[in-house]
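Participant: Here is how the chains run, residue by residue.
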Amino acid sequence: MIRIHDLEKIYKTEEVETIALNKLSFQVNDGEFVAVMGPSGCGKSTLLNILGLLDDPDNGSFLFNGIEVAHFNERKRADLRKRNIGFVFQSFNLIDELTVFENVELPLIYLGVKGEERKKRVEEMLDKMQIMHRRNHYPQQLSGGQQQRVAVARAVVNKPKLILADEPTGNLDSANGNEVMELLTDLNEQGTTIIMVTHSEHDARYSHRIIRMLDGQTVTENILA
Amino acid sequence: MLKNYFKIAFRNLWRHRVFSFINVIGLTISMTACFLIFLYVHFELSYDSFHSKADRIYRVVTDLKTPSEMLHTGGPSWAVGPHIVQEFPQLEAAVRTTGDELLVRKGNVKYQELNSLYADSAFFKVFDFKLLKGDPATALNEPLSIVFSQSAAKKYFGDQDPVGQTVLLTGDGLTAKITGLMEDMPENSLIKADMLVSMTTLTRKFNPGLDDQWGNYGNSTYILVKPGTRISALQAQFPAFLERRNGDEMKRLNMYPTLLLEPLKDVYLRSTRNGNNTGNINNVYIFSLVAVFILLIACFNFVNLTTARSAERAKEVGIRKVVGAMKAQLTAQFIGESVLLCVIAFLFTLGITALLLPSFNQLAGKIISTGVFQNGHFILLLLLAALGIGLLAGLYPALVLSSFKPVSVLKGRFSTGSRGVLLRKGLVVSQFTISITLIIATIIVYNQMNFMRNQDLGFNKDQMMVINTNSDPAKEAFRNAVSGMAGVKSVAMSSSVPGGGNPGAYSMIQNKKGEMQIANLDLYFVDFDYIPQYHLKLLAGRAFSRDFQTDTTQAMILNEAAIKLFGYSSPKEAIGRRFSQWGREGMIIGVMKDFHFRSLQQEIKPLSMRIEPNGCNLISINISAKNLPATISDIEKKWNALIPARPFSYFFLDDFFDKQYRSEERFGKLFLNFAALAVLISCLGLLGLASYSTMQRTREIGIRKVLGASVTNIVNLLSGEFLKLVAIAIIIASPIAWFAMHSWLQDFAYRIHISLEIFITAAILAALIALLTVSFQAIKAAVANPVNSLRTE
Ligand SMILES: Nc1ncnc2c1ncn2[C@@H]1O[C@H](COP(=O)(O)OP(=O)(O)OP(=O)(O)O)[C@@H](O)[C@H]1O
Ligand SMILES: [Mg+2]
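Going down the list, the protein sequences come from chains F and H. To convert, note that position 41 of the first sequence is 48 in our numbering; the numbers rise steadily by one, no gaps. To convert, note that position 505 of the second sequence is 1502 in our numbering; the numbers rise steadily by one, no gaps.
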């Protein structure tokens, strides 16, 4: 599904040039659950943003389902993104002005799904995430774990082929964290490819394979399953 | 999708009530102001366009060249109208009109009809005034025919049909027949009359031969040309026409008229020949400009407050992009929000305008609009404008917001600290530049008004009651009866009083070189008591005196302006020189100091005075302030006893004179209101920005206080920034205001100097207002307990 080769990302500020990704290459197959680990500042989030088509690389190749997307313009990236990729963030990133239901509904709206169908799919998803009873609440009225469940629901409601999760348990206690990890595992078992950045060895053990990074390069890959 | 936008738009507006409130209020105020101005401007521009042939109607005016001056009159001589139709086949008709104040009686009902108008019979052919009863082709044919307006007819006939009935006209009680009933003339008409009298009444009965008088002025003449007539070509034939019909007289009198045509639709706003009685295109421009300014200020508020808040919206933008929103969709969403805001403001505007309209009509001095909802397409226009404003004001913030990169936004280290700050400062400076310019302009307008009201006019206008006898035969008897009364200090009679009209007379005055110089001199007929009663000062010679028999026919007094015209360098030199005027000849016996017999807009013109009891219809009564009501009622009793045919009416000279400044006063009041609005909206914006920036800096303020900053330190820190902007605005606004107002003042022959104090006053005012607005927020933030603000992070 994903094949990157010699991917480079360099941040230039006035004084320093930071090489966030340094000729990074790897590949992720359909249906895989991959964990990305490494010390702070090694380029994990940068990588995830590029994989999620939120950012573009400076050099190298990025094949998504066999298509070269490294130099797609914003429009094309947005289009590809909304059909294929779901995001889960450490800080949930729900829209405060929208209810739980409306937050989850949002990707479907941008996909142009009709109202009836939308309602059905959102309710299905909320049911699955066991937050149906909170459907009319606003994010601030929910606990961290509940918020992250809503965020996961929003990430998968349009049935993406790929989910990118950046420290999804970073802001949660272990009980809530495990719950989210179970959710991701379930999704993976149903066929969704998952790439997850984490600092937790415990969470990483849910994955099939761990990619370890240092200074913008992969150092090792551990196959777990 | 739309529903989702609406939902989030509404929630956003509600969640940020303060900002929404400021925006909606600002937009509502500015849209209301603009809508009112629009109604006013539309009304002013609509004058006389209701005539279906308006494009073919022209007013004939005259530039009259005498050896001494060039006179710009609002009409030609009496002969031009009837002769011009005979001469030019391009003309379909010509109509002469002249106003009068006619006494009308029907049984016990009597009125001095102040808006009477003599009109030629083609009146209804040329103009579209609606005749409800009577034949438009013949109604004004015969002498002593009257066409009443509906409301005038009601006074005499109630609900009866007036057509065919008669009334008594003038003090002589001539029987006149009502030949027509017309709708009341519309407000936006140059010609306004309650009663039309056939012109033949004048030309055949009262003043036979008028139709052939080429040297006699005092009417307005309108012509209707055939379709396709080239006006410049027509105008080019006029000199030959005058030469042919009147060449000899022109040479003999040494007065050369040039006939010019003014399109009817331009007369009200653009002609400079109407005195201050009509509109002024400059005011239309000024108010349109003010409207645009006010709108700009509100739009700037919107842009400022929205971009200042962009950090708050950034996260939403990021998330929406992550879940699949296109940039264009987000742009549309944000524009949609601003449009929504404007639509809300639109609804408020409709309501508030409806409420304000009556007072606005009053302020404007006429019924500009009878109701907002009367005119569907105005409302539609306003809605379109609201949508347009929403689009325009929303565009920039929408583009800024929708172009945020999700990567940087969602990382949480996104800061809008420096983003758009320069733009916001620029916009605040522009808002205050506009506001301060308007403040300065208002101060200058008011100073000029005060100056005109308090200027020494050179004559006594206090406690002066004036009664028009309308040349009633009993006027002398009435005068004598009043002059001995208790409470009456003195009585004088004259043809004219300052602030009113007076005739201009063809005159020949011996000039310094000894020649008889021809000039058109303003003329006052007075009696022996006029000069002392009005406290007019003689500079040389003497006033009229009963001791000199010849004074009644052979004496003239001139003002300073007149003797300057005839070349004299000192008043003394003019004494004893000869004059010839309107059939009288004699000597100049005195020179009086210039006094303002017209408004201060106009230069003091050369003026002559003569004794002429027949021409003196106005009685000026100087009454003592004590027992004023009793004195007036005594005078009224005398009137009713001696002149029972006429209704008793009077005015006080000071009010009468100040009425000339009514349009300036209205202009000043309107201007003050709109300037205040502009300042208010600017302050609203400032308030929003200040509260936002202090909110953002809560933490910084907390830390500073923990480190030892005092409340004053903090307030200075927060207010100083905004005051700097206001200071810049003052520097920019001052020269702009100076230029604008300097040219505005050019319309006044007597005017104030624009002093430095005005600018200092405006600067202090603006700074105070801004400081008050900002410091409220700053003080609130500064006195807050730092523990609270630090805990919130
Ligand atoms: N917008 C930016 N401008 C400049 N440098 C940046 C930018 N974003 C990231 N970097 C730098 O790139 C490097 C990689 O950052 P990245 O956020 O990918 O690290 P990370 O592995 O996700 O760290 P963490 O585990 O702390 O989230 C860091 O050195 C960071 O300072
Ligand atoms: Mg990271």
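Check each hint, because a few of them may be wrong.
Straight-line C-alpha distance at most 30 Å; calculated DSSO-like pairs for lysine-lysine [stated by the list, open to error]:
hint : chain 1 : residue 1 : chain 2 : residue 2
1    : F       : Lys135    : F       : Lys121
2    : H       : Lys1634   : H       : Lys1248
3    : F       : Lys126    : H       : Lys1248
4    : F       : Lys121    : H       : Lys1312
Stretch by stretch, here's where chain H covers chain F in the computed footprint (C-beta under 8 Å, at least three residues) [unchecked claim]:
hint : region
5    : 54-66
6    : 104-117
7    : 205-218
These are computed hints drawn from the structure, not numbers from a lab. All C-beta atoms, glycine included, are put in the ideal place defined by N, C-alpha and C.
Participant: All hints, please: hold or fail.
Facilitator: Right, here's what the structure says about each hint:
1. The suggested pairing of Lys135 (chain F) with Lys121 (chain F) holds, with an alpha-carbon distance near 21 Å, which does not exceed 30 Å.
2. Distance hint between Lys1634 (chain H) and Lys1248 (chain H) is unfulfilled; the C-alpha atoms sit about 53 Å from each other, more than 30 Å.
3. Straight-line distance between C-alpha atoms of Lys126 (chain F) and Lys1248 (chain H) comes to about 97 Å, which puts the hinted pair past the 30 Å bound.
4. Restraint check: the Cα-Cα separation between Lys121 (chain F) and Lys1312 (chain H) comes to about 26 Å, which is no more than 30 Å; the hinted pair holds.
5. With a cut-off of 8 Å between beta carbons, the region 54-66 of chain F has 4 residues touching chain H; three or more are needed, and the interface restraint holds.
6. For the region 104-117 of chain F, the proposed coverage by chain H is satisfied: 8 residues have a C-beta within less than 8 Å of a C-beta in that chain, meeting the threshold of three.
7. With 0 residues having a beta carbon nearer than 8 Å to a beta carbon of chain H, the region 205-218 of chain F misses the requirement of three or more and the stated coverage is violated.
When each numbered hint is compared with the structure, violations occur for hints 2, 3 and 7.
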